[in-house]
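Trainee: Listed here are the chains, written in short residue letters.
Protein chains: 2
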Amino acid sequence: MGENDTTGWDPLPRSRAYELVVQAIEDRIANGSLRVGDPLPPERELASRLEVSRAGVREAVRVLEGQGVLRARVGSGSEAGTFVAALPDEALTRFLRLHVALSNFPVADVVASRIALESTAAASAALHAGTDAFDEIEVLLEVMEQPDISREDFNDADARFHIAIAQAGGNRLAASLATAIRGALREPLLRAIVSASDWDDVVTLLRRQHREILAALRARDAAGVADLIARHIRYSADVLPLD
Amino acid sequence: MGENDTTGWDPLPRSRAYELVVQAIEDRIANGSLRVGDPLPPERELASRLEVSRAGVREAVRVLEGQGVLRARVGSGSEAGTFVAALPDEALTRFLRLHVALSNFPVADVVASRIALESTAAASAALHAGTDAFDEIEVLLEVMEQPDISREDFNDADARFHIAIAQAGGNRLAASLATAIRGALREPLLRAIVSASDWDDVVTLLRRQHREILAALRARDAAGVADLIARHIRYSADVLPLD
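Those protein sequences? They're chains A and B, same order as listed.
Residue numbers for the first sequence follow the working numbering, beginning at 58 and rising by one.
Residue numbers for the second sequence follow the working numbering, beginning at 58 and rising by one.
These are computed hints drawn from the structure, not numbers from a lab.
Predicted model only: the values in this text are computed from it and were never measured.
Any given hint might turn out to be false.
Unchecked claim - Heads up, incomplete: computed chain A residues facing chain B, CB under 10 angstroms, no partners named:
id	residue
1	E76
2	I86
3	A117
4	G123
5	Q124
6	G125
7	R151
8	A165
9	V167
10	S170
11	A173
12	A178
Stated by the list, open to error - Just so you have them, the derived chain B footprint on chain A, three or more residues with Cβ under 8 angstroms:
id	stretch
13	192–206
14	252–264
What the hints assert, rightly or not - Part of the chain B face toward chain A, derived, beta carbon under 7 angstroms:
id	residue
15	L77
16	L149
17	A231
Don't be surprised by glycine CBs; every beta carbon is placed ideally from N, CA and C.
Whole structure, please, built from the sequences with the hints as guidance.
Mentor: Following this line, the structure appears as structure tokens:
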């Protein structure tokens, strides 16, 4: 590993102190020398080993706590201190939602990424998911088929439908990414739905496409459902253009 | 939008104050009412409107600065203050690298997600990338074909090869995700490469697969290169099992 010592805590070159402490902790997590549940060295010891101020360590810990990477535990003895936490999938969803909002990705990029992730997940769901997963998806279709459903409630149920398919695929990483992207699209899609002048026609077609997708899942038709998902996402992007 | 006022800053229900401030700022970014370059209200005003302490606001700002979402600017008058920043793609890479390390995703999930994103990107690169992108990819192949290359240098050039293909596809979101996943695999893959007893045979096959991928890109064979990338990633996962 060359000059990256993976176990020690060597002094850091100068820069903004807390950023370097954040980087040092992240590197140890990424290379596996700090794992979920491991304690961080005490603040004073870490400051001394990295040759930064205790304030710098404190600030870095707070930033990583804010991201859900570290968690403080009060108590006495070895029970107390700062520990590496298991990042909840929700943390990725929130971060990616911000990233999509701030990075201003072209809509075509978001659509193509959704298709790649969701069609893969749907194909896997067709092969591996239990029928109970399909029953749960059908409940969401029934919600969206209520004649008097509001556009906002339709959008929420639609997001849950796409997330349910991604999760039924059994791939947690792909489901996290697909969930995060659909979550990032919640508000822009709602704006598009609210301003659609031909909503009655659009919603009729969306409902039919959802039914076809569910039928392909139940028929265990992996290639078919991947294709239907791709066409459904492309249709939605065409008729509900995002700003 | 019901009870979510997207423009005002209404008082928050009680919880950990800074988390609620973070959430309030994130929500405004996600729904588009705070955009890149926009200033945050002054600390005192934000604390008063959200009905939290100024310390809570300060802590939230620091957490979001640590994530790259906000940036403090010194100066005088309207030039100074805290502004919404454009999240660099590198921030997503770092976050996802942590997420993959901490969430302990099954290797099969990571492999399937890589295949979904990289084969889509490669197919797009075959159709749309310029020949200069392929020339840059070829330089990386030549690096990996040096007979005395170290395993660590091979791994680094291999990561750059996969990232270059993802970027040549022209989809910034898919490239960010693929880059982040390959970045998260850097250290585990290096451990697998270092401990491979049949490395000479493995590297010979990897080099041949890389050449086939480049040839398919230059031949503008989108379906072919997607299939080659998928098989290459699956082969790599088989012969270089991650711990």
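Trainee: Would you mind marking each hint as holding or not holding in the structure?
Mentor: Going through the hints against the structure:
1. E76: Since chain B brings a Cβ to about 8 angstroms from A/E76, closer than 10 angstroms, the hint holds.
2. I86: 5 angstroms, holds
3. A117: 8 angstroms, holds
4. G123: 3 angstroms, holds
5. Q124: 6 angstroms, holds
6. G125: 9 angstroms, holds
7. R151: 6 angstroms, holds
8. A165: Since the shortest Cβ distance to chain B is 8 angstroms, the answer is holds.
9. V167: At about 6 angstroms, which falls below the 10 angstroms cut-off, the nearest Cβ of chain B leaves the hint on A/V167 intact, so it holds.
10. S170: Cβ of A/S170 sits 5 angstroms from chain B, so the hint holds.
11. A173: 4 angstroms, holds
12. A178: The hint holds - A/A178 has a Cβ within 10 angstroms of chain B, the shortest such distance being about 8 angstroms.
13. 192–206: This one is violated; 0 residues, fewer than the three required, reach chain B with a Cβ under 8 angstroms.
14. 252–264: That given contact is violated, which follows from only 0 residues of the stretch 252–264 of chain A lying within Cβ reach (below 8 angstroms) of chain B.
15. L77: 12 angstroms, violated
16. L149: This hint holds: B/L149 lies near chain A, its Cβ roughly 5 angstroms from the closest one there, short of 7 angstroms.
17. A231: Hint on B/A231: holds, closest Cβ of chain A at ~5 angstroms, below 7 angstroms.
When each numbered hint is compared with the structure, violations occur for hints 13, 14 and 15.
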